[in-house]
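2 protein chains.
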Amino acid sequence: MLQSRLFTKTRKDAPKDEVSRNAELLIRGGYIHKEMAGAYAYLPLGLRVLEKIKHIVREEMNRLGGEEISMTTLQRKELWEKTDRWSDEKVDVWFKSALKSGAEVGFGWSHEEPITDMMKNFVSSYRDLPAYVYQFQTKLRNELRAKSGIMRGREFLMKDMYSYTTNPEEHKKFYDSVIEAYLNVFKRVGLGELTRLTFASGGAFTKFSHEFQTILPAGEDTIYVDTKKGIAINKEVLTDEVLSDLGVNRADLVEETAAEVGNIFDFGGVKSEQLGLMYKDEGGKSVPVHLGSYGIGVTRLMGVVVEALSDEKGIVWPKSIAPFRAHLILAVHDDADIKALAHEVYKTLTAEGIEVLFDDRDARAGEKFADADLIGIPSRITVGKKTLESKLYELTDRETGKTSEVSLEHLLQELKD
Amino acid sequence: MLQSRLFTKTRKDAPKDEVSRNAELLIRGGYIHKEMAGAYAYLPLGLRVLEKIKHIVREEMNRLGGEEISMTTLQRKELWEKTDRWSDEKVDVWFKSALKSGAEVGFGWSHEEPITDMMKNFVSSYRDLPAYVYQFQTKLRNELRAKSGIMRGREFLMKDMYSYTTNPEEHKKFYDSVIEAYLNVFKRVGLGELTRLTFASGGAFTKFSHEFQTILPAGEDTIYVDTKKGIAINKEVLTDEVLSDLGVNRADLVEETAAEVGNIFDFGGVKSEQLGLMYKDEGGKSVPVHLGSYGIGVTRLMGVVVEALSDEKGIVWPKSIAPFRAHLILAVHDDADIKALAHEVYKTLTAEGIEVLFDDRDARAGEKFADADLIGIPSRITVGKKTLESKLYELTDRETGKTSEVSLEHLLQELKD
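Chains as they are written, first to last, in the working numbering: chain A, 1 to 417; chain B, 1 to 417.
For reference, chain A alone in the conformation it holds in the complex (with noise of 0.2 Å):
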């Protein structure tokens, strides 16, 4: 894309009212934008990143045997009710507004309930089960605070996923695998080395749920972590009990600060039967959906990229997610040969399939380079005035900061990789 065309520029300064990391860079670096606390929408450059991390874990969510579906903002009253999670008491996050008929209806912020309740009118028998169901929903939660920019939002887009059971073996068996799912989401997005499974309180079903946190000192959370035995621990659930549950020793535990970026929870048949969602077995006994709820918060798996991943310049993306894999720069902008030459550069890489952003704006090269690493595309291209005789280009890793001169063969090896 040539970024004389992007309707974005970065910007010398965040919003003032703007106090987290994550989005100070984002902002500053054009790919959101702040509507108001804790609500943000995503520029072009922003939603080139959030359409990588849906991609991934789309494609693990679809490997685990995941069906996609969307759900809708809109709730009804009368089904949260069953479940006793209506009342502004119980659930302190909903936003709630009225039908012209008065009826009230809510704004989703979960959705157990709906999916659960969808459910009954595909399920009726065994045969009919298991089921793994899940969605990309922008979620509406009515916060009393929100200064973590897009890790803790009013409004924020998650992957929630549900699986619908005969019993707990099976759910178990599929449980385990989400988990392994997980892991590799987290990976593919370059957080795998900081991510750690993590024991944290369970429910009505059962004594734990699974988290996955991510060690970050922006994060909310506090979690213990055993190294040795790769065990961690929510300071929530930490009590004597739990650390005999466990065979952990309260001296092998280090303590770290860690933003949650995943849990997964084990409901049992109890949300069911409150809902109604049974099967009958294969005696014809009627019994109640094992039901599991799985989530990762997409936009603040994006904001938790950019904590842990950015340095003092700007953003440092994985390839993975990165909105391009190459920044090609045009370092002159007054001579006509050296152009010719990076847009032919850029004809060649983007022929090849690599996703390049031409700088081919006239500005000054020191603005270009200060914005690339503000941007963090991994790989930055010069195209200078040497280039036009050694035909050599500048290959810079925005990570290390490396440089090296290299061929237009090397360049594509490197990029297609």
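Since the hints were derived computationally from the structure, they do not count as laboratory data.
The reader is advised that the hints may include incorrect statements.
The list makes no distinction among identical chains, and a pair is therefore deemed to hold if it is satisfied within one copy or across any two copies.
[As the list claims (entries may be wrong)] Straight-line alpha carbon distances no greater than 27 Å define the calculated BS3-like cross-link-like pairs of lysine-lysine that follow:
| hint | residue 1 | residue 2 |
| --- | --- | --- |
| 1 | 16 | 280 |
| 2 | 120 | 16 |
| 3 | 228 | 391 |
| 4 | 147 | 120 |
| 5 | 313 | 12 |
| 6 | 147 | 96 |
| 7 | 416 | 391 |
| 8 | 9 | 120 |
| 9 | 228 | 207 |
| 10 | 90 | 416 |
| 11 | 120 | 313 |
| 12 | 173 | 285 |
| 13 | 100 | 90 |
| 14 | 187 | 402 |
| 15 | 100 | 77 |
| 16 | 347 | 319 |
| 17 | 96 | 77 |
| 18 | 9 | 280 |
| 19 | 82 | 96 |
With chain A fixed as given, assemble chain B onto it according to the hints.
Quick look at chain B alone, frame taken from chain A:
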């Protein structure tokens, strides 16, 4: 995809309160789920169709130079007050709620205001223009009645594009190119011959806006068409003055019932001035940016296709947006050889990149045929007793019902077109 793995099933009946033909067929086919009047979830088959429509629209918008973004659902009161579109007297479809702080917020029913306000961060000079920005966004509208299925919802997906240009000439050029792109969209989704560019009421700035109206008995609008001149006029604006403006005789007009599938609108500088989106022209003078707005109701379009092209047996999808290209039916399920052959054909077709829904269920052939007619995939392939000997496959066209016996080679050729 194996139909045995699809969690949805066809249904004999739609919910009793469903009065629209499009929603009735889509619910019975397992495409959508009714959450409440005017709010429908998209199930795996429905989401496939929706994504294909989005893909077509996206291609056409990108070709125009459009840049994709995604704005927020949550809306700031103060912004909409600037254009006098906050009060319920002025706009009667707002859903509103309040933040914990007590501040009122709205839920986006349209996005001219926030997008135009956002552009203030990026536009200051004529050098920053033109800019063409679009999104696919869930709109929420508190409609008094919602009885048209997915043709008019309280929650629906819209593609809205906004053009920011320096002057009326530049605007007009883009506006005309959008007309071409929109006609392309409607042609590509199978509504080309039924859809008319229609003069409709303008606003503060122009005498007319343009609508795209698809002729349809279930439509909510009345239009008058001069087929010779290729001009259509919405009943709203049909006056002697308009007829004379457009050089049309009343006697040449044919009345038609139609559904609006798109509209385009010229705001001039009015809204930019209200919101403060100004640019410096070449002489340094501050001028309001010229705004155009261009909408296609994406879910509505899906509903109109169903209404326009279905028959008494079910839905008839055009190839371009069908959830699958072919529906492979295993007509005999108690014969291992026939079963193996059908699975082989399924593998061969999918390996060639053809999207196939394979009805591998243990069910009667008659039931499968009825389901296939309801679901409406363009080509049905039947593998039965005869196929094993003749190696000829029964290929049935959903639209015409025409059946022929063809070789595997011919089948591949036919389906790859």
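So which hints don't hold here, by number, going up? 3 and 10
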